[in-house]
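Chain by chain, the residues:
2 protein chains.
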Amino acid sequence: MYKTTLVIHGGAGTLIKSEMSAEKEVAYLAALKVALEEGNMILSNGGTALDAVEMAVKSMEDSPLFNAGKGSVFTANGTHEMDASIMSGKDRMAGAVCGITGVKNPVSLSRLVMEKSEHVLLAGVGAEEFGKEMNVDFEPASYFDEEWRRKQWLSVRGTDQVALDHNLNPDRKFGTVGAVALDKDGNLAAATSTGGMTNKKYGRVGDSPIIGAGTYANNSTCAVSCTGSGEFFLRGVVAYEVSALMEFKGLSLAEACSEVIQKRILEIGGDGGLIAVDQKGNLSMEFNTAGMYRGFVKEGEEINLAIYK
Amino acid sequence: MYKTTLVIHGGAGTLIKSEMSAEKEVAYLAALKVALEEGNMILSNGGTALDAVEMAVKSMEDSPLFNAGKGSVFTANGTHEMDASIMSGKDRMAGAVCGITGVKNPVSLSRLVMEKSEHVLLAGVGAEEFGKEMNVDFEPASYFDEEWRRKQWLSVRGTDQVALDHNLNPDRKFGTVGAVALDKDGNLAAATSTGGMTNKKYGRVGDSPIIGAGTYANNSTCAVSCTGSGEFFLRGVVAYEVSALMEFKGLSLAEACSEVIQKRILEIGGDGGLIAVDQKGNLSMEFNTAGMYRGFVKEGEEINLAIYK
Numbered sequence: 033m034y035k036t037t038l039v040i041h042g043g044a045g046t047l048i049k050s051e052m053s054a055e056k057e058v059a060y061l062a063a064l065k066v067a068l069e070e071g072n073m074i075l076s077n078g079g080t081a082l083d084a085v086e087m088a089v090k091s092m093e094d095s096p097l098f099n100a101g102k103g104s105v106f107t108a109n110g111t112h113e114m115d116a117s118i119m120s121g122k123d124r125m126a127g128a129v130c131g132i133t134g135v136k137n138p139v140s141l142s143r144l145v146m147e148k149s150e151h152v153l154l155a156g157v158g159a160e161e162f163g164k165e166m167n168v169d170f171e172p173a174s175y176f177d178e179e180w181r182r183k184q185w186l187s188v189r190g191t192d193q194v195a196l197d198h199n200l201n202p203d204r205k206f207g208t209v210g211a212v213a214l215d216k217d218g219n220l221a222a223a224t225s226t227g228g229m230t231n232k233k234y235g236r237v238g239d240s241p242i243i244g245a246g247t248y249a250n251n252s253t254c255a256v257s258c259t260g261s262g263e264f265f266l267r268g269v270v271a272y273e274v275s276a277l278m279e280f281k282g283l284s285l286a287e288a289c290s291e292v293i294q295k296r297i298l299e300i301g302g303d304g305g306l307i308a309v310d311q312k313g314n315l316s317m318e319f320n321t322a323g324m325y326r327g328f329v330k331e332g333e334e335i336n337l338a339i340y341k
Numbered sequence: 033m034y035k036t037t038l039v040i041h042g043g044a045g046t047l048i049k050s051e052m053s054a055e056k057e058v059a060y061l062a063a064l065k066v067a068l069e070e071g072n073m074i075l076s077n078g079g080t081a082l083d084a085v086e087m088a089v090k091s092m093e094d095s096p097l098f099n100a101g102k103g104s105v106f107t108a109n110g111t112h113e114m115d116a117s118i119m120s121g122k123d124r125m126a127g128a129v130c131g132i133t134g135v136k137n138p139v140s141l142s143r144l145v146m147e148k149s150e151h152v153l154l155a156g157v158g159a160e161e162f163g164k165e166m167n168v169d170f171e172p173a174s175y176f177d178e179e180w181r182r183k184q185w186l187s188v189r190g191t192d193q194v195a196l197d198h199n200l201n202p203d204r205k206f207g208t209v210g211a212v213a214l215d216k217d218g219n220l221a222a223a224t225s226t227g228g229m230t231n232k233k234y235g236r237v238g239d240s241p242i243i244g245a246g247t248y249a250n251n252s253t254c255a256v257s258c259t260g261s262g263e264f265f266l267r268g269v270v271a272y273e274v275s276a277l278m279e280f281k282g283l284s285l286a287e288a289c290s291e292v293i294q295k296r297i298l299e300i301g302g303d304g305g306l307i308a309v310d311q312k313g314n315l316s317m318e319f320n321t322a323g324m325y326r327g328f329v330k331e332g333e334e335i336n337l338a339i340y341k
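Those protein sequences? They're chains E and L, same order as listed.
For the first sequence, the working numbering begins at 33 and goes up steadily by one.
For the second sequence, the working numbering begins at 33 and goes up steadily by one.
It should be emphasised that the hints constitute simulated quantities derived from the structure, not laboratory data.
Note that this is a predicted model, so its numbers are computed, not measured.
Treat the hints loosely; a few may be bogus.
As the list claims (entries may be wrong) - Okay, the calculated bits of chain E under chain L, using three or more residues with CB under 8 Å as the criterion:
(1) 125-133
(2) 153-162
(3) 237-244
(4) 265-271
Unchecked claim - Straight-line C-alpha distance at most 35 Å; calculated DSBU-like pairs for lysine-lysine:
(5) L:Lys295 <-> E:Lys122
(6) L:Lys183 <-> L:Lys136
(7) E:Lys281 <-> L:Lys35
(8) E:Lys216 <-> L:Lys281
(9) E:Lys281 <-> L:Lys281
(10) E:Lys122 <-> L:Lys233
(11) L:Lys164 <-> E:Lys136
From the three backbone atoms N, C-alpha and C, an ideal C-beta is built for every residue, glycine too.
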């Protein structure tokens, strides 16, 4: 029996205590706590790491605070295009969706891609069509239209400015949520979900739905979920790089995460962070930005939450 | 000054000499030769590896024989959805497009994504919109509608059968084209392009447009382009895995390619192949299928072509 562990993030970026209202801080910490509680309930009852990461990510998708699901940012066309992925460390099965609109929980659709299709990655209207056949919940545009997100969008609308969430005051951060977990059977899993970049055009896809870049899980190494400047994380193949450093170079989880986030991704100009866990229950919440919404809970222990460095 | 090297593939699969007509064999070898000549002309004149791989892949996209560009297979809707990617080993910049229709040369659009946008991966109509702004060549559906591809599609149309090219007689192979190159300045580059799977639904995306899975390049290790069962190559993060085995485990190019194709990808059930080159001009054309359309040319040497084991 393994000691269960659940780690989550709600995005990294320029999160500085002096710029954060007490009210907002309380709201984010409360939402992170709920996501950990809901995911951990599954692990405590002997459930799987896959179920736990899906539940924790769903919880953050359903919160309007995070850039995923309900709180997703606006594209240049005033719509919401979401990406998500999930991977099982036991068999390295994976599922992902990109550029989807109207799906309430993109992470659950990516799980269905993994389990009910022959495929790993489905895009756009094709992915939505698959979702309809699978009877996933769809919501009208009004469900996703958060007023503060619309204001962010209107501040850059009509310009060529494509904004990562972190460029936009007062909420400069990489808008992504993710979870990694170890269950009592020793299985690892990882999941990531995002609403992408405010005012994004051209069907831009970042690292979140890409297995190896934004999400990776392998029982023999680790489970990883990233949040950061997506283009750099794609080029760095960041999530799998952590695994490769452990498997091929013998680094520990902490060493591998530090090497990737504090050195290798910075060398190509990327910033952000990641969460990771291994089969021994070691965990990492590494970031090279001012802060990262994050938290973890281990079996029989208290919930830990943090935002700043 | 480095000795230039160009390697290409036109897909791997069940390519058996006894099943191949002499006429068809001649046609494929001729098309591979043209692609190598066109790409190598650039390298011989002191051009870049990036220009060479783009040119070689364009040449195969323009041939109706390969499942990319003009010869792309039909989707379940009777359309053609293409994917492509390109990566520069010098600075690890990358560009990719997925699920695009009507673009004559997807590889050239992926190069424009790399060089003229802030992004790495653009999907669907958004990517096409970017292509229009960049004035890339578009072609009507009739340009892509090859009669033998339509027959392949009609043989599985209306069924749930999603066919990798190799499942379909008489041309059972993984339909992808790719190129890797080393130029005289020691820079590496890789590019991959595909028309995907016959009768594919749901906006399925394979490994070809995914940096790290289907394509990867890093001057300090290697340039790689893959062709195979895309879902497995995505889960294996195959192209970057070759690089990671060289960088973190000290394997040679040949050892890394063999380890990945003859062992690691087989362990998760995947089949296919890859081409790779390093800065010393070592090259690999590794596959675990019966054959792979392939060829290479080194500076001042004859062109080498092969199909079978």
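Here is what the structure says about each hint:
Only residues whose C-beta sits within less than 8 Å of a C-beta in chain L count toward coverage, and the segment 125-133 of chain E has 4 of them, enough to reach three; the restraint holds. Counting residues of the segment 153-162 of chain E whose beta carbon lies closer than 8 Å to any beta carbon of chain L gives 9, which meets the minimum of three for the stated coverage. Given as covered by chain L, the segment 237-244 of chain E passes the check, having 5 residues with a CB less than 8 Å from a CB of that chain where 3 are the minimum. Chain L is given as covering the segment 265-271 of chain E, and this holds because 4 residues of the stretch bring a CB closer than 8 Å to a CB of that chain, at least three being needed.
For the suggested pair Lys295 (chain L) and Lys122 (chain E), the alpha carbons sit about 18 Å apart, so the restraint of at most 35 Å is met. For the hint pairing Lys183 (chain L) with Lys136 (chain L), the CA-to-CA distance comes to about 22 Å; that is within 35 Å, so the pair holds. Between Lys281 (chain E) and Lys35 (chain L) the CA atoms are separated by roughly 31 Å; this keeps the pair inside 35 Å, and the hint holds. A threshold of 35 Å between alpha carbons decides the hint, and for Lys216 (chain E) with Lys281 (chain L) the separation of about 32 Å falls inside it, so the pair holds.
Restraint check for Lys281 (chain E) and Lys281 (chain L): satisfied, since their Cα atoms lie roughly 6 Å apart, inside the 35 Å limit. The suggested pairing of Lys122 (chain E) with Lys233 (chain L) holds, with an alpha-carbon distance near 28 Å, which does not exceed 35 Å. Restraint check: the Cα-Cα separation between Lys164 (chain L) and Lys136 (chain E) comes to about 32 Å, which is no more than 35 Å; the hinted pair holds.
In this structure, none of the earlier numbered hints is contradicted; all agree with it.
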